[in-house]
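Please arrange chain B on chain A, whose structure you already have, making use of the hints.
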Amino acid sequence: MIAFLIKRLFHAFLVMFVISVISFAIQDNLGDPIQQMVGQSVPESERAELREELGLNDPFFVQYLRFAKNAAQFDFGYSYIFNEPTTQVIMRHLPATLELVAATTFLIVLLSVPIGVYSAIKPRAWLSRAFMGVSIVGISIPVFLTAIVLIQLFAIGVDFTPFPADTAWGAWLNDLLSTDGGMPAYGRGNPVHVFGTWDTNFSSLEGLTYLVLPAISLASIMLPLFIRLIRAEMLEVLQSEYVKFARAKGISLRRIYFVHALKNTMLPVITVGGVQIGTLVAYTILTETVFQWPGMGLMFLDAIERSDIPLIVTYLMIVGLIFVITNTLVDLIYGLVNPTVKLTGKPA
Amino acid sequence: MIFRKTLLATVIGATAVGAALLPATASAENTLRMAYDADPVSLDIHEQLSGATLQLSHMTFDPLVRWTQDLEFEPRLATSWEQVDDTTMRMTLREGVTFHSGNPFTADDVVFTVERLKESSDFKAIFAPIDSVTAIDDTTVEFTTSKPYPLLLNLATYIFPLDSQFYSGTDEDGDPKDEIVKNGNSYASRHISGTGPFEVTNRQQGVRTDFERYDDYWDTDSPGNVDKVVLTPIGENATRVAALLSGDVNFIAPVPPNDLDRIRDDEDVQLVTMSGTRIITFQMDQNRVEAFKDPRVRQAFAYAINQEGIADRLMKGFATPAAQLSPAGYAGHNDELSPRYDVEKAKELMAEAGYEDGFSITMMAPNNRYVNDAKIAQAVAAMLARINVTVDLKTLPKAQYWGEFDDRAADMMMIGWHADTEDSANFYQYLTECPDPDTGAGQYNAGNYCNPEIDALVAEANVEVDLEKRAEMLQAVEKALYDDAAFIPLHWQDLAWASAQNVDIEPVVNVMNFPYIGDLVIEE
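Just so you know, the protein sequences line up as chains A and B, in that order. Residue numbering for the first sequence follows the working numbering, starting at 1 and increasing by one per position. Residue numbering for the second sequence follows the working numbering, starting at 1 and increasing by one per position.
Just to be clear, a hint being listed does not mean it is correct.
To be verified - Just so you have them, the derived chain B footprint on chain A, three or more residues with Cβ under 8 Å:
1) 178-187
2) 300-311
Claimed, not checked - Computed cross-link-like contacts, DMTMM-like style, restricted to lysine to aspartate or glutamate with a CA-CA straight-line distance of at most 20 Å:
3) B:Lys124 to A:Glu305
4) B:Lys347 to B:Asp294
5) B:Lys118 to A:Asp331
Keep in mind the hints are simulated off the structure, nothing from the lab. Treat the numbers as computed from the prediction; the structure is a model and nothing was measured. Cβ atoms here follow ideal geometry from the backbone N, Cα and C, with glycine treated the same way.
Next comes chain A alone, as it looks inside the complex (with noise of 0.2 Å):
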């Protein structure tokens, strides 16, 4: 076990470097951060005073030692656009995309389970066809065009008028299609402040409210793969030698389904699941651009517009940390789960 993780943690290392050296190799193409530091009627010859300032003149290598050496005192150096330590902007936005990622779980989880399970021991139901067409169009609708319509339709409203309003059932019908709006259309409301640089939206119901919209058209992209999958692995399940052993042995359907069969059928789910939450925590960028979450998508959407390079390099390396991170939090869970896997390759 300990070895493993000391393996791991190897992993981690190695992942980082190489990150850091392609992000810095591609920092030339990224753009002139002069240009965003400084107003435009700014001669040239303050330019290259800045430049010269900022090491931005020296050989690729120099430059990425000075980088290097630094980076093993834990010092990644300093954002143009913020100011302060690349570190510390990073600690300060990573909080809301964790919860924005935490209620996309959530609702993954709570919605995919169910769904998945129901659509595969009923295949051939209506409800089921129907869960299976809408995750269709679900996983093929971008994300962007997701959040802009929750936003027309639960933010701002839309008054739908198809039917004669004079009439008892136009009226109805008019009155079921429209939408009011009334939830947020942007950002984070006012958090809670929990400790560090952790401000949480979880602790009152105003604060939830505000997570709703962003976290469903997050989840948009990863429910219907992930009902799918579920689906997909129970049908599998369901075929399989001792599920149909254990119904002949009369244990009754939902002990089947529910213990036996959902077990097994979560072993793969796992494995793809904490991959695809490291995605998720790179998609939020398109989220949180949209709705305007204060996060680290955003921050880094802003760092590449304004090739803030400090801050999009230890950016990169964090998200790459944050993959190694939850790869092994999903080998670890997976030998929980299922104690045949031996983590370290030795016999036990």
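Only chain B this time, still in chain A's reference frame:
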């Protein structure tokens, strides 16, 4: 204190489960919730010269004088001024003004501020004409310029007196408090004390900034009744509009052209538009393309481009077609000049110059800097095809574009320009003067157009203190540039703001795009 306030606000919010309760608590105070596309990078107003910084300056500070909507000067912290001689101006300062820190405002603060501006890399070029500034007594300052300088009042709109006592001494790290640091932390980038209508109570860069009205604000005649301001940067156009339509914010800027109709149609919100002062142009690089040295070819290009078509169809009327650099209202604006779209004439000129069969050129434009920039470039490329000029167009995000622009990497490049001094001469200095890296003249002249006669006329105008005479000279410059087809002007981008119906933004917005929020009225 700030923390306690946010906590209180959250507790109130949390208990008010029914949304109906929230407006009830809000109506006791007038809160302006506004969303701009960006927020200032720093609380130090001398760190970067940008729209966001100036917007902040007008909320937390007061300038000596400021522009009115029709580009006249309005006294603010300076109550009167007189030209003592050709190079000296004396200003009388307002009495009884205090800073947010409680310190009184005196002439020393003005001296301190101007000296600091001359140190700031972003402002020093603008303030170079000012030789020295001295405090005669507590309420009088004297500016001297090295040469007669007609634009001193224009510069005074940039002088937002800082609290010299507040920014003196050293901070906890031992650094001077008045230090201007571009990249890194400084006292001034985190602390602020001005004389303006609002104090900053809380700031999370990129997330929100909270302002509260300054109790002892000197301008008691101001109709402004906004008690609190919450500024949220919302970069995404669609979200900014949605936030207004849903009532989450009650003032937004800028309004994306694609959403103008949507906002006009909504009866809960109002739209205010104004013809802007930022000119969008294309420059033709004479160092890269031999043909551009021939004025007939440049004129042919100017005749081939349909400015009105672009403004009408591409910009949906959200732009004013241009034939010169200076917008209406500027001293150099020449009423005689109008767009000269005529394809036949363009073809004739090309034939005359010996380029009947055309030639091919490269073109570059940004794709996220100006309104519809990439589409405009495509339209221009298509128009040039009609006079047999083949265009190889490349559009880039602004972060990469300016590097290419500095390298003069294409034969035709797009640039938009807004004169920081609100004066025509600024356009010529940066866009049309013969490029000279030593003096910084023609820094953005990617056409490498050079006409010493015009430059001489501009130089002459710059020391002409008689403003009427000066305007004539500047208008002659515009005419000369037009006749010579030094560049291709396209249009001035319009400006647009939108707000809830009860927020009366029309009297406080202006072409410089720094709304005077201090004078804003929210009706009950």
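Numbered hints the structure breaks, given as an ascending list: 3 and 5
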